[in-house]
Amino acid sequence: GAGVSQSPSNKVTEKGKDVELRCDPISGHTALYWYRQSLGQGLEFLIYFQGNSAPDKSGLPSDRFSAERTGGSVSTLTIQRTQQEDSAVYLCASSLARGNGYTFGSGTRLTVV
Amino acid sequence: SQQGEEDPQALSIQEGENATMNCSYKTSINNLQWYRQNSGRGLVHLILIRSNEREKHSGRLRVTLDTSKKSSSLLITASRAADTASYFCATDAREYGNKLVFGAGTILRVKS
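Going down the list, the protein sequences come from chains D and B.
Position one of the first sequence corresponds to residue 1128 (my numbering), numbered consecutively onward.
Position one of the second sequence corresponds to residue 150 (my numbering), numbered consecutively onward.
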């Protein structure tokens, strides 16, 4: 596609439920990031995929968070047993390669009630 | 502690004035990037400057990089109301695993 597509754009879930967030990067982009951003805050790094290398998961806040990238394209971020502090905007970004600028999706606003 | 920190946290100017935002960082970098964010959603890439570059221009935007001071500045000339947004610097550094680390941002408000 022309840009990075994220779905859903908004998600309201009950505390304790699992959620899956999806990111469709730009075709051919080998690098993919997930960030999250709480209201009025900066971007918090979560996970980074680069080609076929093992992902950098150092930013995942707990073992309730996991992400995968299938076939070097679509990525899903899964949050298990959601908590209210997980409420944030989750942003995905992709790039042709490391060292290039990144294209961001519009994000998924997650609200845990 | 933050790898990249923007200064000021917030800036309010009149349309037509210039806006300058600064970014300081702690380690050697591969490159530094500036992004704009409207309405708390997706970010837009503005300029990437590599560690061996000192200045880059794009339209009304000018970015400088001083690796000896570990700082960068973003200048927006002849600002417009549409420039109202949050601006973030992000660094790509080996010490941080070669991943893109963002600062907390500067909120720019341009009054018409």
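Misleading hints may appear alongside valid ones.
[Said to hold, decoys possible] In silico DSSO-like links for lysine-lysine, alpha-carbon gap of 27 Å or less: (1) D:K1184 <-> B:K205; (2) D:K1184 <-> B:K248; (3) B:K219 <-> B:K260; (4) B:K218 <-> B:K205; (5) B:K260 <-> B:K248; (6) B:K248 <-> B:K218.
Treat the hints as calculated values from the structure; they're not laboratory data.
Just so it is clear, the structure is predicted and the values come from calculations on it, not from any experiment.
How the hints compare with the structure:
1. Proximity of K1184 (chain D) to K205 (chain B) is assessed by CA-CA distance (about 33 Å); at most 27 Å being required, the pair is judged violated.
2. A C-alpha spacing of about 11 Å is found between K1184 (chain D) and K248 (chain B), which places the hinted pair at or below 27 Å, so the restraint holds.
3. In summary, the hint linking K219 (chain B) to K260 (chain B) is not supported, as the alpha carbons are separated by about 31 Å, beyond the 27 Å threshold.
4. For the proposed pair K218 (chain B) and K205 (chain B), the alpha carbon gap of about 18 Å is at most 27 Å, so the pair holds.
5. For the hint pairing K260 (chain B) with K248 (chain B), the CA-to-CA distance comes to about 35 Å; that exceeds 27 Å, so the pair is violated.
6. Of the pairs offered as hints, the one joining K248 (chain B) and K218 (chain B) holds, with about 21 Å between alpha carbons and a cut-off of 27 Å not exceeded.
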